[in-house]
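Chains as they are written, first to last, in this note's numbering: chain A, 1 to 474; chain B, 1001 to 1297.
Mixed in with the good hints, there may be bad ones.
[Unchecked claim] Here are the in silico distance ranges between beta carbons for each label pair: (1) B:E1110 <-> A:S277: 49 to 57 Å; (2) B:V1123 <-> A:I289: 51 to 59 Å; (3) A:A258 <-> B:P1226: 52 to 60 Å; (4) A:M266 <-> B:V1126: 21 to 29 Å; (5) A:T194 <-> B:A1230: 54 to 62 Å; (6) A:V39 <-> B:L1267: 41 to 49 Å; (7) A:G396 <-> B:V1123: 47 to 55 Å; (8) B:G1060 <-> A:V305: 19 to 27 Å; (9) B:N1056 <-> A:Y274: 58 to 66 Å; (10) B:L1267 <-> A:W32: 55 to 63 Å; (11) A:A258 <-> B:R1121: 39 to 47 Å; (12) A:V195 <-> B:P1226: 26 to 34 Å.
Hints are computed from structural coordinates only; laboratory data are not their basis.
From the three backbone atoms N, C-alpha and C, an ideal C-beta is built for every residue, glycine too.
Below, each chain spelled out in residue letters.
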Amino acid sequence: MNEALCPLTDGAAMSSSLLIALILLLSSLAYWLGCRRAVALAQRPSAARLHSRPGYYGVLAGVWCGLPALLIVAVWHLAADPLLTRMAMNGVAAAKGVVSPDQVDLLVNDMRNLVAGNVVMHEVDPLIQAAADQYIGLQRLSDLALATVALATALAGVSLFLGRIRPALRARNQVERIVKIVLTLCSTFAVFVTVGIVLSVLFESIRFFQQISPADFLFGLKWSPQMAIRADQAGSSGSFGAIPVLAGTFLISGIAMAIAVPLGLMSAIYLSEYASSRFRAVVKPLLEILAGVPTVVYGFFAALVVAPAIRNLGGLAGLPVASESALAAGLVMGIMIIPFVSSLSDDVINAVPQSLRDGSYGLGATKSETIKLVILPAALPGIVGSILLAVSRAIGETMIVVMAAGLAANLTFNPLQAVTTVTVQIVTLLVGDQEFDSPKTLAAFALGMLLFAVTLALNVAALYVVRKYREEYE
Amino acid sequence: MAAILGTVLDMRDVAREKNEADAAVAARVRKVDRDQRQTVGLPFVEEPRMICREVNVYYGDKHAIKNVSIDVGKNEVLAMIGPSGCGKSTFLRCLNRMNDTVAGCRVTGEIVLDDLDIYDRKVDVVPLRARVGMVFQKPNPFPKSIFDNVAYGPKIHGLAGSKSELRDIVEGSLKKAGLWNEVSDRLDQPGTGLSGGQQQRLCIARAIAVRPEVILMDEPCSALDPIATATVEDLITELKEQYTIVIVTHNMQQAARVSQRTAYFHLGDLVEVGSTDRIFTNPRHQLTEDYITGRFG
Ligand SMILES: Nc1ncnc2c1ncn2[C@@H]1O[C@H](COP(=O)(O)OP(=O)(O)OP(=O)(O)O)[C@@H](O)[C@H]1O
Ligand SMILES: [Mg+2]
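Start from the sequences and build out the full structure, keeping to the hints where you can.
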């Protein structure tokens, strides 16, 4: 739920955080009670030995007290707002003679603004004002009810549990299970978010593909996403062939990787195998600074220094160089991602056990033979991982390309020409006021989907490579 | 078989004669004092393979090996014993300049292999290490196939002219290391998938595949069970026919079983050297006696 849309007044926010704090306090109290009760049970002469240490009973008591109450608070907050709005606005729309859902939404917005105490532009409608007042009243009531219910649940939970404590209660196992559940939830959270993102992009893409055929999108050679604003406008049906855009992405990423992989890998090898530890301690952080420079700054650098230099060089050599070229963007992007390759590769190379190096040197291998034949193969999975990270950075990079490579969707593999990339097109499609149902806007989602598919494929391929060539040590 | 037995018997005779001479000296001299700094016994031999004179090793400021002089004879097994941290590994690593890879390590003195002063500036460590192979305390097979592990040395030194020659070298080395029967049908599987004892024998095969003249072994059996240890010990006895071997061990019985001469180190000093039988039956230095009788360790 979006915070900005949630019409919690400051007071309401206060009261709910107070409530949560109260519940937490209660549950720490419950922890203490649980511990004490367990100890008391254990000290009874007739009692059996406690199954677990008293702390576990305490934790369990705390969970019984806090968890249901907190759950109730969460669910209440999710459900209360729409319900209260419906109740407050009951009859208002009808009274104002408004039927279309959009206009009803507008009224609701007005009411929310009033509730939130925002300045309302136009004159306040008494009906709306009444509804807002009613909303505030209802909300106060709801907060009160929530507090009562939650606190009652907390108390009920803890008293129920305290009554159930027996020495034989397997508190440790139950706590372990709760910990496991919490950890599982946390780890699946990221998965759910990913799935959500993919689905949202997917649905918009489907809407796009209802208007433009997937074949045109995937295999079309022309990208010019102009749509007629009015139906009678001439000659602008737009073409949505993604190939030139995708080609631009690959071209620029390819140039960037051609710079970053050799430079990054070699500097990683130098840093980890040849450099003295003092030199390494100084240079490695310096290299990592490269990754911290904002991409906009790289964009300046590319557009103001590198692109003109390339153009001048090209002019000297008699080559036609566009003022915005893929080469400039790729070069600068390559420099930007060097630390991704070098820093991670350096780490994995360092993680290769010294005993392997000794083994190789002990057989009379030279340093470079040892690196080539023993260390790099052993570090391969990590190196591939670092390269992969760099590739996804390169594919996703936008700013440098906007500033240095241009917006023209040329289908070319000549690095001296202007090209554009998927990310840049997504930005240009979505910048400014856009209708969210024209193919022009929806195309952005389709491009996003395409980008996602490409990076996923790259990941899978890399995983396969790593599995196949992995050399396991220990 | 009979021939091998014959040589073994011969060697025994020679060893016995030496022992008796050594023991006669020992009988004449009273037990040497704890504080005596000089090496006791017979550190030098008639037919030396490696000659070390006044070797000192420093790790930064730490003086780890103090003025050690000793010979390693041809086709003999020299055992180095001593309490933990006394510098056995350090000295062993001097013999093929593995200490070069340790930052801050400095070696002075003279170590000669045949006629080559190995710490001479002009000496290239690569061929040196091919001549003086090393087996480490912990098995460290490369994360490659069994075949590639053994073929590694021959490949980088260009010892095999053809694929089949390389295969012969690998097979021969694995056979010598007593591992062939166990791995002949899975040479393409990773060497790291073998058991600890098999891995150690693989490392030995890897070392002898380069055909070194001297093999240095740093506690090669410390991670092995008695059966694997016995295999490795048999192997050492067998390898002695062709190679010169220096072995570091914490296991007195092992030193007694496999070596002809034993050197006892203590806090960086080479305290006593002598034929193995003599050292274990009639130690002349108080520290040696304390150590081998287990009074101190
Ligand atoms: N790389 C190093 N840097 C500094 N000091 C070291 C280094 N390696 C060894 N030493 C020191 O040198 C001394 C001798 O170490 P060494 O490893 O040779 O002992 P060792 O006799 O092999 O012992 P162990 O039987 O435990 O293997 C020890 O005091 C040790 O702390
Ligand atoms: Mg050691």
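### Message
Tell me the numbers of any earlier hints that the structure contravenes, in ascending order.
### Response
1, 2, 6, 8, 9, 12
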